[in-house]
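Quick note on numbering: this note's numbering labels position 251 of the sequence shown as 251, and the sequence is numbered without any gaps.
Simulated from the structure, these hints should not be mistaken for lab results. Careful, some of the hints might be misleading.
Simulated DEER-style distance windows between Cβ atoms [to be verified]:
1. Ile111 <-> His178: 34 to 44 Å
2. Gly212 <-> Arg21: 25 to 35 Å
3. Pro164 <-> Met102: 23 to 33 Å
4. Gly64 <-> Gln25: 14 to 24 Å
5. Lys124 <-> Leu251: 15 to 25 Å
List time: in silico DSSO-like cross-link candidates among lysine-lysine, alpha-carbon distance up to 30 Å [claimed, not checked]:
6. Lys47 <-> Lys80
7. Lys80 <-> Lys66
8. Lys47 <-> Lys15
9. Lys80 <-> Lys203
What you are looking at is a predicted structure, and each value in this text was computed from that prediction instead of being measured. Ideal placement from N, C-alpha and C gives every residue a C-beta, glycine not left out.
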Amino acid sequence: MSGAALTISDRIQNKLDTLTRAERQLAHSILENYPASGLGPLTALAKDAGVSVPTVARMVQKLGFKGYPEFQGELREELKAKAKTPIAKHDTWAEGAPSEHMLNRFTDAVIDNIRHTLAQIDPKDFDSACAMVADTDRHLYIVGGRITHTLAEYLFLHMQVIRPRITHIQSTTNTWPHDLLDVQEGDVFVVFDMRRYENNTLKLAEMAHASGARIVLITDQWRSPVHQLAEISFSSRIVVPSAWDSAAMPLLLIETMISQVQNLNWEVTRDRTERLEEMFDQTKLFRKFT
1 MSGAALTISD RIQNKLDTLT RAERQLAHSI LENYPASGLG PLTALAKDAG VSVPTVARMV
61 QKLGFKGYPE FQGELREELK AKAKTPIAKH DTWAEGAPSE HMLNRFTDAV IDNIRHTLAQ
121 IDPKDFDSAC AMVADTDRHL YIVGGRITHT LAEYLFLHMQ VIRPRITHIQ STTNTWPHDL
181 LDVQEGDVFV VFDMRRYENN TLKLAEMAHA SGARIVLITD QWRSPVHQLA EISFSSRIVV
241 PSAWDSAAMP LLLIETMISQ VQNLNWEVTR DRTERLEEMF DQTKLFRKFT
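With the sequences and hints as input, model every part of the structure.
Structure below.
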């Protein structure tokens, strides 16, 4: 499976509107524990979804596979991709690396990631997520992991200006349980979790969900286990010709979210920005040239 190829999850999402009731039931069953859900026998998948064996066979063909074995083979490749280390990622693209300059190759991969990701995002889901993040009646928590804490911090720094009642949590520290003490039902968590998914992040999300919090997940194309708890999930394409995954698409998502939430809360944001600028002037944080 190539990084730019459609995942089975993508294929299912693209076909949802054309599926029969039984096929749609099967589709949701597959996505519930994706991609591990389809690794067992065909009869087991049919039983778990509460549909017939012919329904599974028909659905697999609708997704573009010749049969169930080919479908399972693709799922196994996706599982391998989810667990790749930086060295394995490097070896995957380096073997067949074309001769063009890295600037062009990398940019082409990022553009492809953006195109595939945006094709999978429902604008209504994005608007709903932004409305949740903008709701100042709810405390907002932003959670990142070992690498994704940089994305979480970027979102947090902007949201600090845009709205009050906000907490930045790093699941990699041993202090995050303290941050959950005051979580109330309806509070909002924006959680970042990319492959290789972190156990602390999942446990944190489970505890927040148990407290009645609403979760917005920003993950990759294979989806973090947190997606089973999330009210809204955004799956970003992240594969580029590098030993490390790309943050370009997740960053595009959060910068767009910042812009939308700012617009939704503009009166509050303008007042907070004016007061913050006064503080900057008093502290002489920035140089002035006039």
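Hints, verified against the model:
1. Ile111 <-> His178: 34 to 44 Å: Between Ile111 and His178, where Cβ atoms are some 42 Å apart, the hint holds.
2. Gly212 <-> Arg21: 25 to 35 Å: Because 32 Å falls inside the window, the suggested range holds.
3. Pro164 <-> Met102: 23 to 33 Å: violated (43 Å)
4. Gly64 <-> Gln25: 14 to 24 Å: Between Gly64 and Gln25, where Cβ atoms are some 20 Å apart, the hint holds.
5. Lys124 <-> Leu251: 15 to 25 Å: Check passed, 22 Å falls within 15 to 25 Å.
6. Lys47 <-> Lys80: holds (26 Å)
7. Lys80 <-> Lys66: Roughly 22 Å separates the two Cα atoms, so the pair holds.
8. Lys47 <-> Lys15: holds (22 Å)
9. Lys80 <-> Lys203: Answer holds: Lys80 to Lys203 is near 23 Å, not above 30 Å.
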